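**Q** What follows is the residue order along each chain.
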Amino acid sequence: MEGYAAKQRRTTILIHVILIVMSFIMIVPFAWMILTALKTNQEAISVSPFYILPHNGWHWENFGTVWKSYNFLILYKNTLLMIFWRVVCAVLTATMAGYAFGRLKFPGKNFLFSLVLVQMMIPAQIFIIPQYLMVSKMGMLNTQFGLVFPGLVTAFGTYLLKTGFEGLPKDLEEAAMIDGCNIGQRFLMIMMPLTKSSMVSLGIFTAVFAFKDLMWPMIVCTNASTTTLSAGLAKMQGQYGSDYPAMMAAATLAVLPMIVIYVIFQKQFVEGIATSGGKL
Amino acid sequence: MKQKMTVAEKREARWAYLFVFPTMLGLIVLNFYPFFNTIYQSFCKTGDFGKGNKLVGLLNYKMVLTRAETWQSLWNTVKYAIIEVPFGIVIALLLAVLLNKKIAGRSIYRTIFFLPMVCAPAAVAMVWKWLYNTQFGLLNNVFHTRIEWISNPKIAWISIGIIGVWSIIGYNMVLFIGGLQEIPGDYYEAASIDGATGVRAFFNITLPLLSPTTFFIVQTRIIGALTIFDLMFMVMDKTNVALPKVQSIVYLFYQYAFTNGDKGYGATLVMVLVAFIMIITFILQKAEKHIVYHN
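Going down the list, the protein sequences come from chains A and B.
As numbered in the numbering used here, residues 1 to 280 make up the first sequence, in order.
As numbered in the numbering used here, residues 1 to 295 make up the second sequence, in order.
It is possible that part of the hints are untrue.
As the list claims (entries may be wrong) - In silico lysine-lysine, DSS-like type, Cα no more than 27 Å apart, as pairs: (1) A:K170 - B:K4; (2) A:K235 - B:K238; (3) B:K238 - A:K212; (4) A:K105 - B:K102; (5) A:K212 - B:K79; (6) A:K235 - B:K245; (7) B:K45 - A:K137; (8) B:K4 - A:K212; (9) A:K105 - B:K10; (10) B:K10 - A:K170; (11) B:K102 - A:K267; (12) A:K109 - A:K196; (13) A:K7 - B:K101.
Said to hold, decoys possible - Some chain A residues flagged as far from chain B (calculated, every beta-carbon gap over 10 Å): (14) I18; (15) T36; (16) H55; (17) E61; (18) N71; (19) F72; (20) L73; (21) A224.
To be verified - These stretches of chain A come out as covered by chain B in the derived footprint (C-beta under 8 Å, 3 or more residues): (22) 137 to 149; (23) 159 to 168; (24) 198 to 206; (25) 235 to 248.
I should point out that these hints are in silico values taken from the structure, not numbers from a laboratory.
Note that this is a predicted model, so its numbers are computed, not measured.
Each residue gets a CB set at the ideal place from its N, CA and C atoms; glycine is no exception.
Whole structure, please, built from the sequences with the hints as guidance.
**A** Right, dumping it as structure tokens:
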């Protein structure tokens, strides 16, 4: 009869086999992206013989060429600024509103909060045309403001922060009240620092989804010099789609910064996206 | 008879209004006005250069609902969801269960599976388009096939669905791991005394206790899949013969509203999408009682 330990070992090996195969499937597209980016176009489209690795030297200069010809510096700057402003606006407004909904009493609170919940249930596509028309009427097409516009406030973030504030113990605030702090001071000095983790979660969530968004920047920023990485890639593909190493170099440049940040802060990333996403 | 508010209560209410003001103003301008405006526009014909909207009653609806293209794209969207939602969830659940055990390297595995979540779908779609390339793509050359992954109308929707599954399993997996960690360990101990371990414990304990998480993921993923746009837009060229059999309803909306500039028709397409999502949400809410296990 087989021993328990041996059986256990077999199970562990089987688990690792499954996980390694899945990891391989997840990695291959990334690996192929980078390997193609390092080839010449001729090599990339040669099928017999079909080379997995670049065999005429590794053409790192492809990245430099793509960087210059598609003006990646501007795309990075636009994307970074859009993310920055969206995160600042979302976290600021949501923390304030979340505090009021979570901790304060005021007439009309339930009605106003139900508006927040209703917004969360409506598919966002229904807002896009009028939002675009507003930006257009303000003369803000192809501006940083246009990119940030739909993200100035967030119903979902308000909900997330409200839950965060509700979870805090009541006596903390009461002690501060006795010390003579007004509500604004209580919010700034005591309550806000305690919801830091919710604020970080919302910030990461907002940043990642702003980074990934494709349709809105394509609509409001049609110039290559005002748009974001995502929409910039769409433009490049439309114009130079058959220069495969260039396309893959561009894709690499577009995903790499976020991947690096993710790998460094992965605990916060996974938690931020999962705790936010888990409450959506 | 309403009690008069005390000075302190009044002060508290004033602070509260100050705090909710930016958010409420934003929601009204950015969401509630647009909501009603889109409904209004769906009854309008967009004039030249987007100016001079003219009320035309149900004309847009008549056109949208009688065109085969609308129903085809709605069907395409559903087909995409039929691949992405179940496969994305079952594979993610399997991985979550495996990673919930104490095994070596689990944080490395988790990092890898979650990777697509932080990548722009535009870039992901470009890479897959290249993998799928009929002549030069990695897939056909490694397997020595000649499959037209994205230009054969019969299989292109599956190929797009595969990208969707690949992109989402890490996210679903992390949500599942969160749900698994909330199941108390003593349930499993009690079950193992009764001889239920491994697969039997999974079906008798894990699945029922995890059902609130599962239901939540199913619901959000269905809505996410029904509003898919990026993958179709980036993978399918305008000249691709398979496009009519792949384009989603949001893709059609984008084409009409922003490429052709017909906002009224685009607004009507959105209304169809919203109605469809409302129906699905309603059905899911009704089904929740029967699917989700409550102790």
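**Q** None of the hints should be skipped; say for each whether it holds.
**A** Consistency of the hints with the structure:
no., hint, in the structure
1, A:K170 - B:K4, "holds, 25 Å"
2, A:K235 - B:K238, "holds, 13 Å"
3, B:K238 - A:K212, "holds, 22 Å"
4, A:K105 - B:K102, "violated, 46 Å"
5, A:K212 - B:K79, "holds, 23 Å"
6, A:K235 - B:K245, "holds, 24 Å"
7, B:K45 - A:K137, "holds, 19 Å"
8, B:K4 - A:K212, "violated, 50 Å"
9, A:K105 - B:K10, "holds, 9 Å"
10, B:K10 - A:K170, "holds, 20 Å"
11, B:K102 - A:K267, "holds, 18 Å"
12, A:K109 - A:K196, "holds, 24 Å"
13, A:K7 - B:K101, "holds, 16 Å"
14, I18, "violated, 6 Å"
15, T36, "violated, 7 Å"
16, H55, "holds, 15 Å"
17, E61, "holds, 20 Å"
18, N71, "holds, 17 Å"
19, F72, "holds, 13 Å"
20, L73, "holds, 17 Å"
21, A224, "holds, 14 Å"
22, 137 to 149, "violated (count 1)"
23, 159 to 168, "violated (count 0)"
24, 198 to 206, "violated (count 0)"
25, 235 to 248, "holds (count 5)"
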